[in-house]
Structure formats: structure tokens, C-alpha cells
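Chain residues, written in single-letter form:
2 protein chains.
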Amino acid sequence: MPKDLVEKARELLNANLISTTLSTVDEDYNVNVAVLTVLEMIDDNRIICARFGADRTYANLKQTGKGVFLVLVTDESKQTKDGIRVYVELEDDTTSGEYFERMQRKLAQTPYSKFPLKNCLVFKITAIAPVSTLKK
Amino acid sequence: MPKDLVEKARELLNANLISTTLSTVDEDYNVNVAVLTVLEMIDDNRIICARFGADRTYANLKQTGKGVFLVLVTDESKQTKDGIRVYVELEDDTTSGEYFERMQRKLAQTPYSKFPLKNCLVFKITAIAPVSTLKK
Chain A
1 MPKDLVEKAR ELLNANLIST TLSTVDEDYN VNVAVLTVLE MIDDNRIICA RFGADRTYAN
61 LKQTGKGVFL VLVTDESKQT KDGIRVYVEL EDDTTSGEYF ERMQRKLAQT PYSKFPLKNC
121 LVFKITAIAP VSTLKK
Chain B
1 MPKDLVEKAR ELLNANLIST TLSTVDEDYN VNVAVLTVLE MIDDNRIICA RFGADRTYAN
61 LKQTGKGVFL VLVTDESKQT KDGIRVYVEL EDDTTSGEYF ERMQRKLAQT PYSKFPLKNC
121 LVFKITAIAP VSTLKK
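Heads up: the sequence lines are chains A and B, in that order. Each residue of the first sequence is one higher than the one before, counting from 1 in the numbering used here. Each residue of the second sequence is one higher than the one before, counting from 1 in the numbering used here.
Derived by calculation from the structure, the hints in this document are not laboratory data. A couple of the hints might just be wrong.
Which copy is meant is left open, so a pair is good if it fits within one copy or across any two.
[Said to hold, decoys possible] Derived DMTMM-like pairs: lysine to aspartate or glutamate, alpha-carbon spacing no greater than 25 angstroms straight-line: (1) K124 / D26; (2) K106 / E76; (3) K114 / E98; (4) K114 / D75; (5) K78 / E11; (6) K118 / E89; (7) K81 / D55; (8) K124 / D43; (9) K8 / E76.
Can you make the complete structure from the sequences, with help from the hints?
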């Protein structure tokens, strides 16, 4: 994967912006999208993500294992947008251990601190793309 | 579908905000997400949408026909978000006719006016949900 896209993904994902979403799908091709913001890109190929709600997203991932994160940064007044799309596959689903505790600590620092962490999802990054590939 | 969600969907989709996205999937469960902003909810059950780029989204829709629109309205400084999720199925794919011409006129008024309209996609709305269903 191009180094600049990897760096942009890391910067935007690790900013934990409230515009971070994860799109997933079930076995019958029903697509869902959910706001998931408590996460961390821990190396060039891996994202760990706190799951405390997002029941449908979680069920979808257990069925098909694939998804795409989008961090979209928009300026509605200037009509400009930037961001990154990070395609992932679910690699592990943990309820204890180092990653789980790391997400517990992160979750505790957010407005969602009253929700108990249910899972720490571990994703492998399969591709990274800019938000738009429209040729000028 | 609850009337208040239908009205909220109409208001947010028809605002054509640059934070409007459509998530789709191919036959192998590869999920994609794309920014698609030139569209109109024409009645309680239908959305028409301009397709001028978004090649992968279009290919996905031709394969599985399902997707979900998200309009996400965030205030990063206040850490608040609002918006709507509109679940859809592709009903028609037109390259001429009233809907196509309507999207041509709309596209001409956007920063994308130099791109020729390829398709006017007609979606049936199957469900509408708030952005978050997290129980407080």
C-alpha cells in the first residue's frame, strides 16, 4: 500500500473523529453503516476497535467479516471534502488481553465511558483508498 | 416507517450535504462506501440519485442491489452528531426520461457540472434508522 495513504489513514483514524464510520454487510447482502470512533491503527496493517454498542455491525462482521472504515472530513461552507477509506477484514474478536484493556482505557476517556466494553475487534487492513477517485 | 424519520430523511437527503454517503457491497461481500451527494428523495418511498463517477458503487449495485445512505451531521468541537440512515434497494437504472433529466439539471448546478451524467439510479426505501441506536 502506498506509504502516503498508510500515513493518512493512521492520522485520520487515530484522531478518533466523530465522523468515523464502519460499513458492514450480512450474508444476505444487507448493508449497514455505523459510527464507530473509539479505535486505533496500531501498525501499518492493523486496527483495533472498541465495540460497546453497534449490535448489527458486530453481527454482520461475525457473518461476513468484511467492512470499510471511512473518515470523512468536510467543510460544508467551502463545499470541500477530504478523508480516507480503509478496507478491512475481521481478524480477531477479543474480550480480554492487551488490546482489550487498551480499548477499555481509551473508551474510559470518551463521552461513552459509562458503557462497558463488549469486544475489542482486531481488523487486518486489506486496502486503503482516497475518498474520491473521480478523474478531474 | 415512522413519519418523523421519513421527514428527517427527506430534509437531510434533499439538503445534498457533502457528508452524504452510500455504502454498497459486491457478491463476495466486499463492502464499499462512496460520497454521493446529487440526489433527491422524491416521495416517502423513493430516492433518485445521479451517478457520474462511483464506478465501484455502481458495479456493486448491479450485483447485489442493496445499500444504505448515511447523512451524518457532526460538530467536532461540540463532539455531537446527528443524521439519518436510509436503507435502500435499487429499483431502476435509467439513462433517459424524466428522472434522468431532473438529475441532469441538478448536477449542472453543482461543482461536478463538467461531468456528464451516466445514470439516474432509482432506489426504493426499505427502512430508515437514526444514526445511533445506543441506549443511554
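Hint-by-hint comparison with the structure:
1. Proximity of K124 and D26 under a CA criterion of 25 angstroms is satisfied in both settings, with 19 angstroms inside one chain copy and 19 angstroms between copies.
2. Proximity of K106 and E76 under a CA criterion of 25 angstroms is satisfied inter-copy only: 18 angstroms between copies versus 30 angstroms inside one chain copy.
3. Taking CA atoms no more than 25 angstroms apart as the test, K114 paired with E98 passes inside one copy only; the shortest distance there is 21 angstroms, against 51 angstroms between copies.
4. Within a single copy, K114 and D75 get their C-alpha atoms only as close as 31 angstroms, which misses the 25 angstroms cut-off; across copies the closest is 21 angstroms, which meets it.
5. For a Cα distance limit of 25 angstroms, the shortest separation of K78 from E11 qualifies both inside one copy, at 22 angstroms, and across copies, at 21 angstroms.
6. In this homomeric assembly, K118 and E89 come within 25 angstroms of each other (Cα to Cα) only inside a single copy, at 19 angstroms, whereas the closest approach across copies is 32 angstroms.
7. Proximity of K81 to D55 under the C-alpha cut-off of 25 angstroms is restricted to the inter-copy arrangement: shortest distance 19 angstroms between copies versus 29 angstroms within a copy.
8. Taking the shortest Cα distances, K124 and D43 sit within 25 angstroms of each other inside one copy (10 angstroms), while across copies they are farther apart (41 angstroms).
9. In this assembly of identical chains, K8 and E76 lie within 25 angstroms of each other by CA distance both inside one copy and across copies; the values are 21 angstroms within and 19 angstroms between.
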